[in-house]
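Colleague: Sequence:
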Amino acid sequence: MSGSQISFVASSEITDTFSIASPLAPSVQTLLTNDITTLILSPNPYVGVAVGTLDTGSGVIDTSIAAPGTTASTGYFEEITGTASGTLSLPAFSGAGGAFAGLIVTDPATLTLDGSIAENGFLILASGTNITDNLVQTRPGQTSIYAGGTSSTLNVSNINTQIVVGSGKNTLNLSDAPASLSPSGYTYDNITTDPGTTNTINVTGALVGATITSGGTDLINVAGIGAGAFTDMISVTGNSTINLAATESGAFVTLAGQDILDIGGTGNSVSVAASSTLDVTGSGNDILMTGGTDTVMASGSATTLTVRTAGAIVSLTGDNSYLGLGTAATGALITIAGLDQTANIGGSADTIMASGVTGDPSHINIFGSNDQLTVGSAGGVEILGGNDTVSSTGAAVADFGTHNTVSVSNAPIVYLYGTDGTMTVGNGTTYVMTNGSNNTVTASSGIVRGQMTDGAVTASGTASVILGNSAANDSVMITSNANNIIEGGDQVTTSGSGFVDLAGGNNSLTFTGPTNIAFTSNGSDTIEASGASTIYGSNADVTMRGGTSTSFNNGSGSVSFIGGSGASVVQGGTNGNNNLSGGAGAATLFGAGTDNTLTGGHAGLNLLVAGAGGNESLTAMGGATTLVGSTVPGGTTSMTGAAGANSFVLGAGSNLITTGAANTIFAGDPAAKGSVTIIQGWTAADQLDIAPGITVTSTSAGLIALSPGTIGIASVVQLSDGSTLRFMGFGSSITTASNVTPPIIS
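Quick note: the sequence shown uses the numbering used here, first residue 1, plus one each step.
Everything labelled a hint here was simulated from the structure, so no lab data went into it. Keep in mind that this is a model prediction, so the values were computed, not measured. By construction, the Cβ of each residue, glycine as well, lies at the ideal position given by its N, Cα and C atoms. Where hints are given, some of them may not hold.
Unchecked claim - Cβ pair distances, simulated, as ranges:
| # | residue 1 | residue 2 | range |
| --- | --- | --- | --- |
| 1 | Ser89 | Gly356 | 26 to 34 Å |
| 2 | Thr17 | Pro45 | 34 to 42 Å |
| 3 | Val47 | Thr153 | 32 to 40 Å |
| 4 | Gln142 | Thr17 | 21 to 29 Å |
| 5 | Asp360 | Asp454 | 32 to 40 Å |
Generate the whole structure from the sequences, applying the supplied hints.
Modeller: Laid out in structure tokens, this is it:
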């Protein structure tokens, strides 16, 4: 026979030898030596041993087996030999005779064993045996079975049965112990199968409480309820198939082989350490996967699945379930569906398809890197890892990680609070909250708002932008027609028709659309427009280049303006120091405060109005230009004409006029009362127009100091309002309007 040889002393004259499966040999040899051989060779006055022999022969089995002896201190063992087939009925337990303490089947017989076996007894099945075991214990104790044969069927309803399977294709049927042995019904059986064996293990009954250690290629069917203090415990190191029926509850399963597990029961715990396949249809099961490349299909509700191994394939579709991927769970392929699911993804390079998840309480957290997640319209997603890719068609998403890529649509709210992230927001999204840094947002819907820094935002469709943080330094591209609020040193380009409110910080705004509106509040802003623009200022200092037309009404901040291709209407800030220049078209420019420089447009009708504070400079560039001096007494206004028609309206204080091609000076305005005006470049073609009620009181000619060391020839005209006009370099008569009396004589 194959296997290892075992020997024991059956009597003082006989030593028997038989073969048993090699994995069992050490344990069986030790058992027989301690329980039989030693006591026969070294008799003990308190413990005796007697070994009987039953030879079944090769024919009909003699079933008339004598009962064991009656000596209480003697253990009675029976060696069964022969190759006959049939049923062997051992004597039932009796108070006088007890039962056999051990049975040793040494030859390759095919037997069915009925009857009793003593508590703390054993059954040894040698190589080649084919045994059906129906033995029952006499009283509570521990029975050991060593199955080393070819094919055995072990029907166990005893208590504390220890079964070790070392060879063959065996069937083990475990059921509840009778009340005489275990009032609770628990069996506390312990089954071990060695590698190389192929076994079917069936566990039935309400309260079996078995422990199974499977090292073979086993089919384990567990249909017990297992609810109570002693649940079924299954540990698998071979390549086995385990079926936990719908009635099985509270089992503990550990898989270390390449196993298949079908869980139909509830409340079971499973630990997987090798490449296994699990089908979970029951509810409330707890599964831990720590090794191998595993496949799990969990459709039962309230499943808890923890994966700590690479390459797992998981389908989690039962409602109210939990999935946890540890850091070692790399390259997993995960499908999640069902109501109110929770998943924590800590691995890397995992693919999670969760479009079928429903219920707002559903939540998926990503802690790993290089993961890919697809979610549907329910629940929320939180990203704490890096280089992850998330696509949502309605679920809320919050990105707190780094270098993540998020695509979302129809979501109530999304958050981009990490760094170096990219978020694309499609239609139907309400809010896009951005408080991270170096992030890029492309949105076609929703309100993009927050205090992001060094980021980039592109808003199209119906999207609008509201950004805070005075030192944000964001880049914003707006093509939508929504209204926007910007604060924070941002660079903004817009082609939409909505307004842009520069609420604070030092911002740069470029208009590329045909019609534009902007508000400035605080800080220092730069605006450039290519189309028609309307600007409403406040406290900000503004530098602007106009477009086809510009209307600019500033508040207190200073304005630096250069007109574009069209007409410009610009009001400087009341803080003064405004520098306003018209463009190719007509310009209407109003200074404010002091120290204003106004330059007219190159064509059309221009109006340059000095500020009220004095120290003003007004210059015509072309077209027909009206230049109006300052109204503040003591102020100074310098006005320069151009090649077109120039009209100079004298201001208060001092006026210095440099004429252009065709000039008209308007004097006598109440605001110019008592002013002193110097006119350079006067010609006979020019005209002086004096207000009604104002008369010329005197004229004279003489020398006048133009500057230190320079003397010019002047004609001085004194008006009745106390103002003085000094015409420099004149060579002919001064032409006046018809209402001037008396006429001025050269």
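Colleague: Checked against the structure, which of the hints given earlier come out wrong?
Modeller: 1 and 2
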